[in-house]
Amino acid sequence: MSFIPSEAQFEAANVLDLVARERAMSLSSREWKHRLVGYGYAIRETDKGPVVETLTMGQEICALPATLH
Numbered sequence: 002m003s004f005i006p007s008e009a010q011f012e013a014a015n016v017l018d019l020v021a022r023e024r025a026m027s028l029s030s031r032e033w034k035h036r037l038v039g040y041g042y043a044i045r046e047t048d049k050g051p052v053v054e055t056l057t058m059g060q061e062i063c064a065l066p067a068t069l070h
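Residue numbers for the sequence shown follow our numbering, beginning at 2 and rising by one.
Hints are computed from structural coordinates only; laboratory data are not their basis. The beta carbon of each residue, even a glycine, is placed where N, CA and C say it ideally should be. Hints may contain errors.
[To be verified] DMTMM-like mimics (lysine to aspartate or glutamate), calculated; alpha carbons at most 25 Å apart, straight line:
(1) K34 / D18
(2) K34 / E54
(3) K34 / E61
(4) K34 / E23
(5) K49 / E8
(6) K49 / E12
(7) K49 / D18
(8) K49 / E61
(9) K34 / E46
(10) K49 / E23
(11) K49 / E32
(12) K34 / D48
(13) K34 / E12
[Claimed, not checked] Label-pair restraints from in silico Cβ distances:
(14) S7 / S29: 30 to 36 Å
(15) E32 / E8: 27 to 33 Å
(16) Q10 / M58: 30 to 36 Å
(17) D48 / R22: 26 to 32 Å
(18) E8 / L28: 31 to 37 Å
(19) F11 / L56: 16 to 22 Å
(20) V52 / S7: 15 to 21 Å
(21) S30 / S7: 26 to 32 Å
(22) D48 / L69: 17 to 23 Å
(23) E46 / E12: 17 to 23 Å
(24) F11 / P51: 29 to 35 Å
Let the hints inform the model, and build the full structure from the sequences given.
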């Protein structure tokens, strides 16, 4: 039996790739967050840790890995 990732998992992986790429190009955390806004995403602090969410709907996409804080 093979594992087929769901559309949500695929979207989360793509968003995390974007977030990581933008973090690598940014000089500061503030610049990084500003760059993400241009793509329609934001980092929000929650009780469980930071999450990536959409700006338009405020929908959580995925948790932010510790390597990107």
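Hints and how they fare:
For the hint pairing K34 with D18, the CA-to-CA distance comes to about 15 Å; that is within 25 Å, so the pair holds. Using a Cα cut-off of 25 Å, the hinted pair K34 and E54 holds, with the two alpha carbons roughly 12 Å apart. Distance restraint check for K34 and E61: the Cα-Cα separation of roughly 16 Å lies within the 25 Å cut-off, and the hinted pair is therefore satisfied. For the suggested pair K34 and E23, the alpha carbons sit about 9 Å apart, so the restraint of at most 25 Å is met.
With a C-alpha separation of about 23 Å, the suggested pair K49 and E8 falls inside the 25 Å cut-off, and the hint holds. Simply put, K49 and E12 have alpha-carbon atoms about 21 Å apart, close enough for the 25 Å limit, and the pair holds. Restraint check for K49 and D18: the C-alpha separation of about 21 Å stays at or below 25 Å, so the hint holds. Of the supplied pair hints, the one linking K49 and E61 holds, its CA atoms being roughly 12 Å apart against a limit of 25 Å.
In summary, the hint linking K34 to E46 is supported, as the alpha carbons are separated by about 13 Å, within the 25 Å threshold. At roughly 23 Å between alpha-carbon atoms, K49 and E23 fall within 25 Å of each other, so this suggested pair holds. Taking the CA atoms of K49 and E32, the gap is near 24 Å; set against the 25 Å cutoff, the hint holds. Restraint check: the Cα-Cα separation between K34 and D48 comes to about 19 Å, which is no more than 25 Å; the hinted pair holds.
About 19 Å separates the Cα atoms of K34 and E12, which keeps this hinted pair within 25 Å; it holds. Taking 30 to 36 Å as the suggested C-beta distance range, the pair S7 and S29 conforms, at roughly 34 Å. The beta-carbon spacing between E32 and E8, approximately 31 Å, falls within the hinted interval of 27 to 33 Å. Against the hinted window of 30 to 36 Å, the Cβ-Cβ separation of Q10 and M58 comes to about 19 Å, which falls outside the hint.
Range check, D48 to R22: about 28 Å between beta-carbon atoms, so the 26 to 32 Å window is met. Roughly 34 Å separates the CB atoms of E8 and L28, a value that falls within the hinted 31 to 37 Å. At roughly 20 Å, the beta-carbon separation of F11 and L56 lies within the given 16 to 22 Å, and the hint holds. About 18 Å separates the C-beta atoms of V52 and S7, a value consistent with the hinted range of 15 to 21 Å.
Range check, S30 to S7: about 31 Å between beta-carbon atoms, so the 26 to 32 Å window is met. Range check, D48 to L69: about 19 Å between beta-carbon atoms, so the 17 to 23 Å window is met. Between E46 and E12 the beta carbon distance is about 22 Å. The supplied range of 17 to 23 Å therefore holds. At roughly 21 Å, the beta carbons of F11 and P51 sit outside the given window of 29 to 35 Å.
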